[in-house]
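Chains H and B supply the protein sequences, listed in that same order. Note that the numbering used here gives residue 91 to position 91 of the first sequence, counting from 1, and the numbers run on in steps of one. Note that the numbering used here gives residue 323 to position 323 of the second sequence, counting from 1, and the numbers run on in steps of one.
The hints are simulated quantities; they were obtained by calculation from the structure and are not laboratory data. Bear in mind the structure is a predicted one, so any value in this text is a computation, not a measurement. Hints may contain errors.
Sample of chain H residues facing chain B (criterion: CB under 10 Å; computed from the structure) [what the hints assert, rightly or not]:
| # | residue |
| --- | --- |
| 1 | 175 |
| 2 | 176 |
| 3 | 178 |
| 4 | 179 |
| 5 | 196 |
| 6 | 197 |
| 7 | 201 |
| 8 | 205 |
| 9 | 312 |
| 10 | 360 |
Which stretches of chain B does chain H cover? Using the computed rule of at least three CB atoms under 8 Å from a CB of chain H, they are [what the hints assert, rightly or not]:
| # | region |
| --- | --- |
| 11 | 275 to 285 |
| 12 | 335 to 346 |
Positions of the beta carbon are idealized from the N, C-alpha and C atoms, including for glycine.
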Amino acid sequence: MPVAFPRPRARRAVIVAGARTPFQRAFTRFLKLDAVDLGAAAVRGLLDQTGLPGSEVDSIVWGGVILPSGAPNVGRELGLDIGLPRTLEAMTVSRACASGLQAVTLAAAAIERGEADVVIAGGGDSTSNAEVKMGQRFVHAMAPMALGKKMGAKDWLGVAAQLAPIKEILPQKPEIAERSTGQLMGEAAEEMAERNGITREAQDELARDSHHKAAAAREAGVFDDEIVPVTVGDEVIRHDGMIRPDTSLEKLAKLRPVFKKGGTLSAGNSSALTDGAGAVLLMSDRKARALGFTPLACFRSWAYAGVDPADQLLIAPAIAMPRALDRAGMELSDIDLVDMHEAFAAQVLSVTKALDSDAWARERLGREKSVGAVDFSRFNIAGGSLALGHPFAATGARMVTTMARALHREDKQTALLGICAAGGLGAAAVLERV
Amino acid sequence: MSDFLVDLGANRRARNVIKKLGLPVPLPEKLRRGEGPWPARPLEDREVAVGGAPAGELHTVIAHTLAATGASTLLVGLEEAASGFAEAAEAFARPYRGVDRVPDDTQVHALLFDASGIASVDDLKTLYGFFHRNIGRLARSGRVVVLSRVPAEQRTPAAACAQRAIEGFVRSLAKELGARGSTANLLRVADGGDSRIEAPLRWFLGPWSAFVTAQALTVSRSVQWAVEASFERPLDQKNVLVTGAARGIGAATARRIADEGARVFVLDRPEDADAAATLARTIGGIPVAVDITTPEAATTLISLAEEHGGFDAVVHNAGVTRDKTLKRMDEERWDLTLDVNLGAVLRLIAALGEGHMNENARIVLLSSVAGIAGNFGQTNYAASKAGLLGLLEVAAPRLAASGVALNAVAPGFIETRMTAAIPAATREGARRLSALSQGGQPVDVAEAITFLCTPGAAAFSGQLMRVCGGALIGA
């Protein structure tokens, strides 16, 4: 199964730039912007920042989780909206919370296969604009009317009879629930916390650190070149909206459990619904140099993994990350920076616990020894989703951009990315400084 | 076929009335059975209490199996085993609890005891103690599984007698538990067989063994086997031949085997071709219309094997009854019964030989409790079914060397068209003469056969599993 990496590559895809919108809590300042608007803002910002003419772009690969049903190919729509050439092809992919990384790795693969020289990849979601669904029975009952069938009194009665009880005609509350198990993601994370023995204190500590690191990074101007300002009405939004520099264990401890009575997951140690988008500019090595760009990083490997969603829904990064390391021919100890999506503090700590377990390694990875302990001083150095927010498909693009830039800024060589996703999926990648 | 008393017993109000009035009516427990294919974690969140004698050697495999099946483990005493349980808990994120005894507020799905360390009469006290203290905490349709060693392999007479004593204990416990729909079985682990316990342990702890109780089977390493046991779609892409598959136990077996991913060859005689074809269509199998007593049977099967890449398992299920007391039994009844049930099986096994059976193949014979105990009016049938056991004893070791596991199941009273034809009073008596006080369903036999067709059945060679609900006869 592990593909022999690194293998000689005639063409190498390099990351040359990245940009994202500020991340804002859902139903706040980005309420009026849908997934296409947010994506357009990120891509426009990326092009402005790099000065790259749209005519140089060969392809857009976009990621999305809550796709607008009227225009699911968000990548295409945003290209048209911001006036990119109409001949520029585009697609949109979905792999739950790993959609952003999926888009970026697809772009890298396309470049390395020689299908394109310049690709914009990324993703974004507007959770504020999740479409409220009507019940399927309501839709089916109303269909004859909607399609213009002539309705008699008897037909109307028939429709009415199909709609009892009344809750059939009420709009359904959108929830992040697994289709196969019906379990809410937070409930699954709660179960993982319990089964892996992850305490409330440990979760709150991770959340506090995430906020403090994000705040420090913002103070230090780390995000200044990454974030493109977005104008809504009269307001220009320049910064992420959810970082709490002054949070503390005491404050976090006061929050109530949200997914289970007596549970350990609170609003403070779970990532919040967020609006935002992120874009990454990838090129072939040669093209980047020809256009005068400084490559930041390239992918040494990537890997995706699946586990049974009915078991530990969000544990798959503990399989994908070792797999990516194997493909890169590296050990965790060779890695300078680790960046993990923080869906829930409990999920991150369950994954790092598994990575550090010999028993997990033997049973699930076919390795004799554990992957190793994650060094938290090199972990999510600019904060994570708990502090920054998590506009589903934007997260992968954010992580790639932040890490590619961090490798340069911090003078490091390698970064390991890990993302958990609904459906029991995991994603990972090894980035290498160019 | 429905059983009035099982249905009555399932009605709580009726159960209470009968109990209050003290009526002498047995109320058998409605058994909890499996549904559909094997799930990834059959014991998900079910409590299993584990005990054992000191110096037991099977802790690690028990810990692994329970964690992998999703069980919540209660380790009763046995502090020496804690590290093994901790490791399995970490790998599967299934923490175990160490307790002195099963707490009063907890009902466990299963009690599992590692008796491999018992080497003397005194040691047996641990077996008594564990079950004496905890048996009251076993839920309805619960499971008791004891793991012992093989008495004949023991070095001292004391150890041999203590290990043999365990069997009497388990069989008796089975009779006591039957009224609550629970089962008790013994797995005797031969030298070198430790690593193969997982598959049988899963099966005996799971819902599929609902009608199997008071059994003692030997787990050994006799069958040459290098592949990993798989527990999800264990028969994926495998070719399985089931004879007599048009109806009854055969049809139930074909369905269950297809559930686990196999391509099933649904064989029945030409008179039943329609039923076989219908079943084959619903399970995506291949109908085979041939009379197994004819010479064409072998050639048909060989050409099928050649066309489809050999058989991975064969279930010799086809059988007939032609009952008469011996004095009245004509030659035709004798000849037909012996030929279908025994002669044809021998000929087909020989014809398929090793050339048409794939590596790690499985063969299952259908014996009968009548073959073990004898039955009025069935000299011919019992002779044929007992004859199969002779075949089992001699052929199993030979086949094991080439990786083939040959085993047999012996159904007791099963609710089929055949038993529905028995006069009501006799039928009612036959049903109640078992620890579980009820007849089995065809699917109970199908489950046992299906298990014996899977890769994990490499744990067994030459074993006879009775699917009889703990029948009081022929033990």
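- Just pull the numbers of the violated hints for me, sorted ascending. Of the numbered hints, 1, 2, 3, 4, 7, 8, 11, 12 do not hold.
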